[in-house]
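The whole structure should be built from the sequences, with the hints applied where relevant.
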Amino acid sequence: MKSRNFKLTAILLMAILFTGLTGFSNSLKAQTPQPLTVESSRDFEGTVDAIKKAVSNGDMMVLSELNQGQILSMTGLQVNAHSFFIGNPSVGKKAFSSDPSAGLVIPVRVNVYEKNGETYVTYFKPSDLFSSYNSKKVKMIGKKMDGVLKMMMQNISN
Amino acid sequence: MRQEKIKLVLVLITLLLAGISPNLYPIAQAGVAKLSSLAVKFLIPSAVGIILLIFITRALKYKSLTKQILFGLLAGLVATVGLEIIREIGFRTGNMPGDMPKLIGVLLLDRFAHGPSFWSNVAGWAYHFWNGAAFGIIFSIVFANAQKWVAVLYGIIIGIVFMIGPATTTLGIGIFGLEFKDGYQFLITVTLAHIVFGIVLGWTLRKLAKNEELPNIFRRLKNAIMGSKRNESVN
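Going down the list, the sequences are from chains P and Z.
Residue numbers for the first sequence follow this note's numbering, beginning at 1 and rising by one.
Residue numbers for the second sequence follow this note's numbering, beginning at 1001 and rising by one.
Treat the hints as calculated values from the structure; they're not laboratory data.
In this text, a Cβ means the ideal position worked out from N, Cα and C, and glycines have one as well.
Among the hints, erroneous ones may be present.
[Said to hold, decoys possible] Here are some of the chain P residues that sit facing chain Z, going by a computed Cβ distance under 8 Å:
(1) E65
(2) L66
(3) N67
(4) S73
(5) M74
(6) Q78
[Claimed, not checked] Pairwise CB distance ranges, derived in the manner of DEER restraints:
(7) Z:L1178 with P:M151: 23 to 29 Å
(8) Z:G1172 with P:S135: 31 to 37 Å
(9) Z:L1016 with P:K137: 53 to 59 Å
Structure (C-alpha cells):
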C-alpha cells in the first residue's frame, strides 16, 4: 500500500513538473519576438522600390538604408540584401519625449533579401519590440507601426 | 652650409608630409575621426604640399632632392602595382577578408551604408597608390641608394605595422589576421605582398637613380651640421 502511494506521488510530481516546464518554456517563447516574413510578388529590385513607395504611402520615411549586399561585396560575398530604417519625425518626437531610450527600437528596421530566387521582406513586429518599454506612449506607437507595416507588406505581397 | 640647412629643412618637411597619408587609415579605424574628414583636412593638403615641394626644390636647383622625391614617388607607385597583384590574387582566392581599396573608398567618400561605387573605388585605389608613393618618398629620402635587402626589410616592416594596427583588429580578424580562417592566410598574403613591394621599390629606385649617388638623411644631417665640401649639383 505504502509502495503504491509512493509511486502515485512520484507520478503526480513528475506530471506537475512537466506541465510547469512546458508552460514556462511556452511563456518564454511568447516573450521572444519572432520575425515576420512576407514573400514578395516582385523581384529583389522591384521589392526595394515597392518598399520605398509603400513607406511614403504609409506616411512614413526611409530615414536610412543599408545596402548590405553591396557592403558585403567587399568581402567577396554575392548576396541581395537591403535594410531600411523606417520612421518619421513626429513618431520619433513622441517616442523620444516619452522615453529617450526608445532609440533602441526606433526607427523600425525592415530587411529585404533574396533566397533561392525568391524575394522576402522580414521584420520584427514593432509592438513586440516596444512591449518591453514601460511608457504607454511607446507601446501605442508600436501598435500604430504594426498597422503601417502590415499595410506595407500587403502592398508588397500583392 | 646655409644651403645644406635649407635642404635638411625641406627634407624634414617632405618626410612629415609623406608620413601623413599612411597614418590616416589606422587613425580613422582607431575611431579618432572619420577617414572622409581626415582626407579633407590632412590627406589632400599633404599631397598638394609634396607636389609643391617638388616644384620648390626644382626652383631652388636642389637637383638631388627633387630627384629623390620624384624617384621615390614613382618607385612607390610602381611597387604598389606589385603589391596590388599579390593582394588581388589573395582576395580572389579567399585569402584576404575583404577588398581593402574598396573599403577605403567607401570610408573616404563616407558612403559605407550604400556600399562601393565606381567613384568610391577610384578614391580607394587612389589612396592606396598614394600611400605606396608616400612610402616610396620616405624610403628614398631616408635610405637613398641603400642595398635592395633594406627595401625588402622596409616593406616587411610596413606589413607588420599594418597587421598589428587597428586596421586589422577592426576587420574582426585579430592581430596579424590570426583569427581569419586557419590563421596564416592573411599573414602570408600581406607579408608576401609587402616583400614584393620592397623588392620592386628597391629595384625601381636603383633603375631610376642609375649611377647617381643620392644622399640619405643621415648624410644630409651630417652635411647640415658639419658643412658640406661637396658640389651643389651633386647634393
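Practice task
Go ahead and decide if the range 23 to 29 Å is satisfied by the Cβ distance of L1178 (chain Z) to M151 (chain P).
Solution key: violated, 50 Å
Problem - Satisfaction of the L66 (chain P) interface hint, Cβ to chain Z closer than 8 Å - result: holds, 5 Å
Exercise for the section: May I ask you to test the interface hint for Q78 (chain P) with respect to chain Z, counting a Cβ-Cβ separation under 8 Å as satisfied? Expected result: At about 12 Å, which exceeds the 8 Å cut-off, the nearest Cβ of chain Z leaves the hint on Q78 (chain P) violated.
Handout entry: Cβ distance range 53 to 59 Å for L1016 (chain Z) and K137 (chain P), holds or violated
Key = The hinted range 53 to 59 Å holds for L1016 (chain Z) and K137 (chain P), with Cβ atoms some 56 Å apart.
Problem - E65 (chain P) as an interface hint toward chain Z, with CB separation required under 8 Å - result: Holds: closest Cβ of chain Z sits about 6 Å from E65 (chain P), inside 8 Å.
Practice task
With a cut-off of 8 Å on the beta carbons, see whether S73 (chain P) makes it to chain Z.
Solution key: Since the shortest Cβ distance to chain Z is 6 Å, the answer is holds.
Practice task
Could you tell me whether the CB distance from G1172 (chain Z) to S135 (chain P) stays inside 31 to 37 Å?
Solution key: holds, 36 Å
Problem - Status of the M74 (chain P) interface restraint (C-beta, 8 Å, chain Z) - result: Since chain Z brings a Cβ to about 5 Å from M74 (chain P), closer than 8 Å, the hint holds.
Problem - Hint check: 8 Å Cβ-Cβ cutoff, N67 (chain P) to chain Z - result: holds, 5 Å
In summary, the structure is inconsistent with hints 6, 7 from the numbered list given earlier, while agreeing with the others.
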